[in-house]
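**Student:** Protein sequence lines correspond, in order, to chains S and F. Going by the numbering used here, the residue at position 46 of the first sequence is 46; the numbering climbs one at a time, nothing skipped. The number in the numbering used here is simply the position in the second sequence, starting from 1, with 1000 added.
Wrong hints could be hidden among the right ones.
Under 8 Å between C-beta atoms, here's a sample of chain S residues computed to sit facing chain F [to be verified]:
| no. | residue |
| --- | --- |
| 1 | H49 |
| 2 | D55 |
| 3 | G66 |
| 4 | P68 |
| 5 | L72 |
| 6 | R79 |
| 7 | F87 |
| 8 | L95 |
| 9 | H97 |
| 10 | K182 |
| 11 | R214 |
Rather than coming from a laboratory, the hints here were simulated on the basis of the structure. From the three backbone atoms N, C-alpha and C, an ideal C-beta is built for every residue, glycine too.
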Amino acid sequence: MIRAENLHKNYLMGRVTVAALKGVDVHIHAGEYVAILGPSGSGKSTLMHILGCLDTPSSGSYHLAGEPVQGLSRNQLARVRNERIGFVFQSFNLLAHATALGNVELPLVYNGSGRRVRQERAAELLERVGLGDRMEHRPNELSGGQRQRVALARALATDPDVILADEPTGNLDTAAGEEVVKLFEELIAEGKTVIIVTHDLEIAHRARRIIQLRDGRIEQDSSPPRWA
Amino acid sequence: MQILELFGQFLYDLRTRKLRVFLAVSGIAWGALSVILLLAIGDAFHAASNKAFHGMGESIVILWTARTTKPYAGMKPGRSIEMKADEVLRMGSEVDEIGMASPELTHDGRTLEFGGHRVKAAVAGVIPEYEQPRNMIPMPGGRFLDPLDIEGRSRVIFIGNELKTKLFGDTDAVGHTLFVDGRPFTVIGSLTKKIQTSNYSGPDEDRAFIPYTTFISMWGNRDVSNTVLVPATPGDSEAMKRAVYRHLGRRMGFDPQDEAALQMWDTVEMDRFVNWFFWGVKALMGLGGILTLGAGGIGVANIMFLVVRERTREIGVRMAVGARDSDVLAQVLLEALLIVFIGGFLGFVTAAGVIAGINALPIPDWLGAPQLSPTVALVTVAVLAVVGLAAGYAPARRAASMDPVRALEF
């Protein structure tokens, strides 16, 4: 599903070039449950941005579902994000003015789905994450756990292959975090690829594979696929 | 993009940032109000002035004979040219470029009498065709001269509305007999009140009109005071004027190149000038309004920059879930347009109220009653659209060109 080779990413900070990634190879197969672990500054966010097509590597190659991603235009990248990737963020990133339903509909707005289709799909996903009775609530009327479940429903709206989650439980209490992690595990059971970026070891250990980053390099890959 | 979501966003902004939205909307409303009022008042003033100017007549040329300044066929310059009525009628029938030619014989200071009221007024001898181009519209129940009046040298008289009031007060004058220099005339009609800002021998409201044949039988075959001409081709007074010089030069014996031999007041030419003048006035007024609206537009642009900055993270989220640059651009642009059109709508409603208020006041005739014409509305909508797009474009571009990662980390 994901085949990234020799990824480098350099940032220009003032006059100094900072290397955030220094040659990272990542191969992830469809249906894998992977945690990317590492201290802050290790390059894990940069890696996630590149894997999520929000950013492009300075050098190296990246294939997503067999398709090369490098060289794509901004609009083509937007399309890839819309169709293939679902994001879940630490701080939920829901639209404050929109209802839960409206938030979940958002990715469908950008793939041109009709109103009816959007509403049906969004309602179905909210039911699934257990928020069938909260569809017309706005984010400020929901608890943290509920908000993250709305965000997860939004990530699933276009039925993407890959779910990328950046510290999804970082702002949640243990119980709420547990519910979200359970939902991730359900997705794995359905064959989705889930990649969680975290520095929480407990969450990371729930994954079947841990990629540990340090100083822009992979320090350890707990179960490198034998077939890679 | 979906319009409903946009409205949702706008309503949310309205609730959470009342003052800011209020300022942006009212800036535009104020500008739209200025544009609409200035355009409407300019239009009304133009229309009223046009009407008033045409009180004397529309697209007519007034002709006076004068003195020659060039020698011609052995005759010295300085000779006075005079015309009789039949010469005018002959010219009318012989010159193709003339659509209508009416002689006008005027006798000032005649005594008009009715039922003990006595008024001094000018009496003019004309033909029936004089009625339409000179805007001699009779009051209901009355009429202007007709061909039988000319043929029979009838003692009939058409009187100006002021004259009618002085002699008859509020009562109907038609059918009554009044005396002109002691001789009885039947009143056949009186003039409908009109606004007349230009004239050559006194305003029509103070004059009386009789058949030119009757005039001649009363006061002798005098020279005409002037002639009223209408071009055969509407608006083409130039060709007619040249033809008149050729014709009268030959008939009256003067050099057709001797322009001073005839004097002509060309209202067609004047019309053209007046029209340009008013377009200029309206353009200036419109520009004033548009500049005011432009200031409102700058306010909207400022607010949209602020909105884009505040929503940086939201824009990042939209990009993460698949919004293309054009989606983000359209959203910001549409929101600016929404603010502008809501402001424009409020300005329009206010303008309608103000115009209704103005029309409830006694407006002088020369100013005219302002109207919310479709043209004014159309111009306003077009200007609003331009202002909205201009105000939204730069902020929208900034939003659309954001780097999604930076926007998300904002």
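**Student:** Given S:H49 as an interface hint, is its Cβ closer than 8 Å to any Cβ of chain F?
**Tutor:** Holds - the Cβ of S:H49 comes within 8 Å of chain F, reaching about 5 Å at its closest.
**Student:** Please check whether S:R214 passes as an interface residue: C-beta within 8 Å of a C-beta belonging to chain F.
**Tutor:** violated (21 Å)
**Student:** Going by Cβ atoms only, is S:D55 closer than 8 Å to chain F?
**Tutor:** Holds - the Cβ of S:D55 comes within 8 Å of chain F, reaching about 5 Å at its closest.
**Student:** The hint names S:H97 as touching chain F; please verify it with the least Cβ-Cβ distance against 8 Å.
**Tutor:** Constraint on S:H97 satisfied, holds at 3 Å.
**Student:** Using 8 Å as the Cβ threshold, decide whether S:K182 counts as touching chain F.
**Tutor:** Because about 23 Å separates S:K182 from the closest Cβ in chain F, which is outside the 8 Å limit, the hint is violated.
**Student:** Does the nearest C-beta of chain F fall within a distance shorter than 8 Å of the C-beta of S:R79?
**Tutor:** holds (7 Å)
**Student:** Can you verify the interface hint for S:L95: is its Cβ closer than 8 Å to any Cβ in chain F?
**Tutor:** Holds - the Cβ of S:L95 comes within 8 Å of chain F, reaching about 6 Å at its closest.
**Student:** Is the interface hint for S:L72 satisfied, with its Cβ closer than 8 Å to some Cβ of chain F?
**Tutor:** violated (12 Å)
**Student:** So, as I understand it, the hint says S:G66 touches chain F; can you test that by seeing if any CB pair is closer than 8 Å?
**Tutor:** violated (20 Å)
**Student:** Let me know if the C-beta of S:F87 comes in closer than 8 Å to any C-beta of chain F, holds or violated.
**Tutor:** The hint holds - S:F87 has a Cβ within 8 Å of chain F, the shortest such distance being about 5 Å.
**Student:** With chain F as the partner, please determine if S:P68 meets the hint condition of a C-beta pair closer than 8 Å.
**Tutor:** Not OK, violated: S:P68 not within 8 Å of chain F, min 19 Å.
Hints 3, 4, 5, 10 and 11 from the earlier list are contradicted by this structure; the remaining hints agree with it.
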